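**Q** Protein sequences appear in the order of chains A and B.
235 is the number that UniProt numbering gives to position 235 of the first sequence; each next residue is one higher, with no gaps.
210 is the number that UniProt numbering gives to position 210 of the second sequence; each next residue is one higher, with no gaps.
Just so you know, the hints here were simulated from the structure itself, not pulled from any lab data.
Be a bit skeptical, because a hint or two may be false.
Far from chain A, by Cβ distances over 10 Å, these chain B residues were calculated [to be verified]:
id, residue
1, F5
2, V47
3, L57
4, Y68
5, R94
Chain A regions said to be covered by chain B (calculated; three or more residues, Cβ under 8 Å) [stated by the list, open to error]:
id, stretch
6, 43-50
7, 137-149
8, 451-462
Just the calculated beta-carbon pair ranges, DEER-fashion [as the list claims (entries may be wrong)]:
id, chain 1, residue 1, chain 2, residue 2, range
9, A, V335, B, V63, 50 to 60 Å
10, B, V266, A, I95, 32 to 42 Å
11, A, Q405, B, L73, 26 to 36 Å
12, B, R54, A, D435, 18 to 28 Å
13, A, P445, B, R54, 20 to 30 Å
14, A, Q405, B, V72, 55 to 65 Å
15, B, P60, A, L397, 36 to 46 Å
16, B, V72, A, G343, 53 to 63 Å
17, A, Q106, B, F103, 40 to 50 Å
18, B, I142, A, P271, 53 to 63 Å
19, A, V85, B, A59, 27 to 37 Å
20, A, L461, B, R54, 51 to 61 Å
21, A, A73, B, V63, 33 to 43 Å
22, B, R74, A, D435, 16 to 26 Å
None of the values given here were measured: they were computed from a predicted structure.
All C-beta atoms, glycine included, are put in the ideal place defined by N, C-alpha and C.
Below are the chains, spelled out letter by letter.
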Amino acid sequence: MQHWLRPVHAVFGAIAFASVFLAPGASARDRPDLTVAVNSLGQKMDPADFPLATELRVYGSVFDNLIKRDFKAEGIDPSKGAVLVPALATAWTRIDGRTLELELRQGVKFHNGDELTSEDVAFTFSPERIFGANAILPSAKSFFGCWEPVQVLSRYKVRIVGCTEDPVIELKLTHYSAGIVNRAVYTKEGQAAFKRAPVGTGPLQFVEWKDGDYIKFKAFDDYFDGHPTFNSITFREVPETAARVAGLVSGDFDLITQVTPDQFPTIEASPDLQVLPTLLEQMQMLWIVGKEPAVSDKRVRQALAMSIDREAIVQSLWNNQTKVEDQFQLPTLGVLYDPNRPGVQFNPDRARTLLKEAGYSNAPVTLRVIANYYVNGEAAIQAIQAMWQAVGINAKLEIVENFTQAFAPGASVVMGGCGFELASPESLASCFFGDEALTRKRGFPDGIPGLDALAANLATLDTAKRRQTFQAMLDILEDEVPATPLYRTPHFFAGKRSILWAPSPDFRTDFRPGNLSFTEATR
Amino acid sequence: MNVRFLIARTLRALLTLILVVTFVFVMLRLAGDPIKMLLPEETPANVIEQYRARWGLDAPIYVQYVSYISSVLRGDFGTSFRDGRPALEVVTERIPATATLGFAGLIVALLVGLPAGIAAAMKRNSAIDRAVISFAVLGHSIPTFFFGILLILLFSMSLRWLPSSGSATWAHLLMPACTIGLWNAATIARFTRASMLDVLSKPFMRTAVANGLPLSWRILGYALPNAAIPIVTIIGLIVGQLLSGAVIVETVFAWPGIGRLTVTAVAAREVAVVQTIVFLAALTMVAANLLVDLLYGWLDPRIGSSTEGKSR
Numbered sequence: 001m002q003h004w005l006r007p008v009h010a011v012f013g014a015i016a017f018a019s020v021f022l023a024p025g026a027s028a029r030d031r032p033d034l035t036v037a038v039n040s041l042g043q044k045m046d047p048a049d050f051p052l053a054t055e056l057r058v059y060g061s062v063f064d065n066l067i068k069r070d071f072k073a074e075g076i077d078p079s080k081g082a083v084l085v086p087a088l089a090t091a092w093t094r095i096d097g098r099t100l101e102l103e104l105r106q107g108v109k110f111h112n113g114d115e116l117t118s119e120d121v122a123f124t125f126s127p128e129r130i131f132g133a134n135a136i137l138p139s140a141k142s143f144f145g146c147w148e149p150v151q152v153l154s155r156y157k158v159r160i161v162g163c164t165e166d167p168v169i170e171l172k173l174t175h176y177s178a179g180i181v182n183r184a185v186y187t188k189e190g191q192a193a194f195k196r197a198p199v200g201t202g203p204l205q206f207v208e209w210k211d212g213d214y215i216k217f218k219a220f221d222d223y224f225d226g227h228p229t230f231n232s233i234t235f236r237e238v239p240e241t242a243a244r245v246a247g248l249v250s251g252d253f254d255l256i257t258q259v260t261p262d263q264f265p266t267i268e269a270s271p272d273l274q275v276l277p278t279l280l281e282q283m284q285m286l287w288i289v290g291k292e293p294a295v296s297d298k299r300v301r302q303a304l305a306m307s308i309d310r311e312a313i314v315q316s317l318w319n320n321q322t323k324v325e326d327q328f329q330l331p332t333l334g335v336l337y338d339p340n341r342p343g344v345q346f347n348p349d350r351a352r353t354l355l356k357e358a359g360y361s362n363a364p365v366t367l368r369v370i371a372n373y374y375v376n377g378e379a380a381i382q383a384i385q386a387m388w389q390a391v392g393i394n395a396k397l398e399i400v401e402n403f404t405q406a407f408a409p410g411a412s413v414v415m416g417g418c419g420f421e422l423a424s425p426e427s428l429a430s431c432f433f434g435d436e437a438l439t440r441k442r443g444f445p446d447g448i449p450g451l452d453a454l455a456a457n458l459a460t461l462d463t464a465k466r467r468q469t470f471q472a473m474l475d476i477l478e479d480e481v482p483a484t485p486l487y488r489t490p491h492f493f494a495g496k497r498s499i500l501w502a503p504s505p506d507f508r509t510d511f512r513p514g515n516l517s518f519t520e521a522t523r
Numbered sequence: 001m002n003v004r005f006l007i008a009r010t011l012r013a014l015l016t017l018i019l020v021v022t023f024v025f026v027m028l029r030l031a032g033d034p035i036k037m038l039l040p041e042e043t044p045a046n047v048i049e050q051y052r053a054r055w056g057l058d059a060p061i062y063v064q065y066v067s068y069i070s071s072v073l074r075g076d077f078g079t080s081f082r083d084g085r086p087a088l089e090v091v092t093e094r095i096p097a098t099a100t101l102g103f104a105g106l107i108v109a110l111l112v113g114l115p116a117g118i119a120a121a122m123k124r125n126s127a128i129d130r131a132v133i134s135f136a137v138l139g140h141s142i143p144t145f146f147f148g149i150l151l152i153l154l155f156s157m158s159l160r161w162l163p164s165s166g167s168a169t170w171a172h173l174l175m176p177a178c179t180i181g182l183w184n185a186a187t188i189a190r191f192t193r194a195s196m197l198d199v200l201s202k203p204f205m206r207t208a209v210a211n212g213l214p215l216s217w218r219i220l221g222y223a224l225p226n227a228a229i230p231i232v233t234i235i236g237l238i239v240g241q242l243l244s245g246a247v248i249v250e251t252v253f254a255w256p257g258i259g260r261l262t263v264t265a266v267a268a269r270e271v272a273v274v275q276t277i278v279f280l281a282a283l284t285m286v287a288a289n290l291l292v293d294l295l296y297g298w299l300d301p302r303i304g305s306s307t308e309g310k311s312r
């Protein structure tokens, strides 16, 4: 077992034990009030309103999806890929390549007491909210693609139909943007009011939001999946890492987010505290701006990719708390994942040869990184600059404020990330293929040769064909190098050992009964 | 003080406000497309245009400017792109926290800075004087983020006397107020000492001593009022700064004030929110300076009448 997974599995095991042996239906008085210090509260709590990672950490347990992923099962056996389990839908059936029919769980209550019905599902994925010309949240189309209006077959049965063949409707329904909202409140109060006082079906029921200070939730005791194990959870905004750690050590907070590796010794010095790592379904990578003369020859781009010692970066900067993946694929892709793909190998000698073959003439290769955007981002890029200089690349480093500045003319390489939140190759569309792919805006205006045509073959339910297509796409990405992966993006929480809770890899914090329990020390 | 003096100062204040608002309006638009900062990178071009139209960013900049100024004159400062609330509401709800911290910091600064400066001036070249000067140099040399973290480590982590961050109770106010207060106390002590030394050497102070007036009366009744103008000037500047928010101290202590809001709003190009903050901050600074100008006229009537003399 990978060593970075051990703490997570230990916590999962402990939660399972505690869930069985500690009374789940304890009264509100017996249940603890938790305080979670976060670096930012964000500004909105509507799951389809281009959610930020910081926001998902706050309201991750306010909404439920129709289908959810079982991260415990995936963690125990990654070869299974994404494990889908019922949530608000109890069963689902594929009718054809475009159509999915779902049976809703009956008796599920929203926080305001309304019962969940097909009308709420239809509104959540409606033209009015997402897909229409004047939709409230048109940006959500980036996640869902194109769906026809949801067909309401009965009070508890719906049919979702894609505009074209859509083999990943089920996976899209597990996405954090697919949380089911209460239609009545949303339409009556309006989206602006809803995102400040959301109404979902999850175990966290909104109570109060003091901007820049805290957001308070109480336990939703009518939660369909069991009594919440907490009484209330208050998220406090504490932007400074040292202050979050100090608050945890002094007992002001029960859990804190976004801990940096340099703070681990302070936390681990206390026997009552622990660091809780998770690897997000996102890869840190370098975009390579193909239209820049210095890197327009793909042999130069290949040389850039193979002269980075990723393992050394992971060891020195992350203390081995993250891992290098084999190209742009994660084990959660299941049968589409090829564990034997060698990925990008560190080979400085081959890199020198390629540079020579390409006639590289010491042209400056400008690396840009956004200040304080990625944890260890500046440190990693400085290490990469040194590695490139070691093979004879004239690497120049520039630190900028945002992505607009990063991709302004003159950039050859920019540090970024690409997510796999759908656990499918379609996750990569926003980065690499399709008319709206970022690569088209970032150095390959005509797209990556051959990739879009190949990607069209993904639209099938034939798994073998999808695997073959995806692996061929990875071959193209490895050959053309519009970007090169570095390592999985880790995220570190820290908390009291008496809290048995495991962070999720999809940005959301899960405080559902199956993932949160306490030892007697907390009670 | 006469009416012309008052009108001249008020007109100058208004002009300053208009210039500041215009400058910020232009700079925010030159510094990058707000839409690109707000929406994910992968947002399709047609969706970007939808949002641009929705938020009125598709019009030419001069049209946006005229629309903005006319809205401001009606008391409408626009809407926050992200949370959908009126920008004025987003900003004004932070004012109580900022004002509380600012005034608490000012009280600490005055309670420490004024007596320290007076004592140093009264005991010139003594150990007290040297101690005050050392405190002033040290107080101004230690960055507030460093001093704030030191206080947290000592009083929260080690002694566990005070909460590490937040704003829920008066106990939460102590460390941030001391961090701001002691930093500003150093400035006030330095100015008070210099100004008092100047006044203490004046002939009327020797006359007061010769007349046998008690020390407290000589200081409070004669020396301090005459030394007040530079001290009031610096306090006016400090008040303006404190009410505009103390970004670093608010960040370190997670104090939900305007300073932190400013940083996040600028980073996210929340145009309406930034413009509102700058407008209110400029208004505060201008009002504080106007008040100081008026206090000058009250403290030293020659200042008010000199304007009148020049205008004639």
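**Q** So, for every hint listed, does it hold in this structure?
**A** Against the structure, the hints come out as follows:
1. F5: Holds: least Cβ distance 41 Å, greater than 10 Å.
2. V47: 5 Å, violated
3. L57: Label holds. Min Cβ-Cβ 15 Å, cutoff 10 Å.
4. Y68: 20 Å, holds
5. R94: B:R94 not clear of chain A: closest Cβ-Cβ about 7 Å, inside 10 Å.
6. 43-50: With 3 residues in contact (Cβ-Cβ under 8 Å with chain B), the coverage given for the stretch 43-50 of chain A holds.
7. 137-149: Holds, because 4 residues of the stretch 137-149 of chain A bring their Cβ atoms closer than 8 Å to Cβ atoms of chain B.
8. 451-462: Answer violated; 0 residues pass the 8 Å Cβ test.
9. A:V335 to B:V63: 50 to 60 Å: 56 Å, holds
10. B:V266 to A:I95: 32 to 42 Å: Between B:V266 and A:I95, where Cβ atoms are some 50 Å apart, the hint is violated.
11. A:Q405 to B:L73: 26 to 36 Å: Given range 26 to 36 Å: holds, Cβ gap about 34 Å.
12. B:R54 to A:D435: 18 to 28 Å: Since the Cβ atoms of B:R54 and A:D435 sit about 23 Å apart, the hinted range of 18 to 28 Å holds.
13. A:P445 to B:R54: 20 to 30 Å: 28 Å, holds
14. A:Q405 to B:V72: 55 to 65 Å: 30 Å, violated
15. B:P60 to A:L397: 36 to 46 Å: 38 Å, holds
16. B:V72 to A:G343: 53 to 63 Å: Since the Cβ atoms of B:V72 and A:G343 sit about 56 Å apart, the hinted range of 53 to 63 Å holds.
17. A:Q106 to B:F103: 40 to 50 Å: Hint violated: Cβ distance 57 Å, outside 40 to 50 Å.
18. B:I142 to A:P271: 53 to 63 Å: This hint is violated: roughly 33 Å between Cβ atoms.
19. A:V85 to B:A59: 27 to 37 Å: Violated, since A:V85 and B:A59 (Cβ atoms, about 49 Å apart) do not stay within the stated range.
20. A:L461 to B:R54: 51 to 61 Å: The hinted range 51 to 61 Å is violated for A:L461 and B:R54, with Cβ atoms some 38 Å apart.
21. A:A73 to B:V63: 33 to 43 Å: 57 Å, violated
22. B:R74 to A:D435: 16 to 26 Å: The hint (16 to 26 Å, Cβ to Cβ) is violated, given that B:R74 and A:D435 are roughly 43 Å apart.
Comparing the model with each numbered hint stated earlier shows that hints 2, 5, 8, 10, 14, 17, 18, 19, 20, 21, 22 do not hold.
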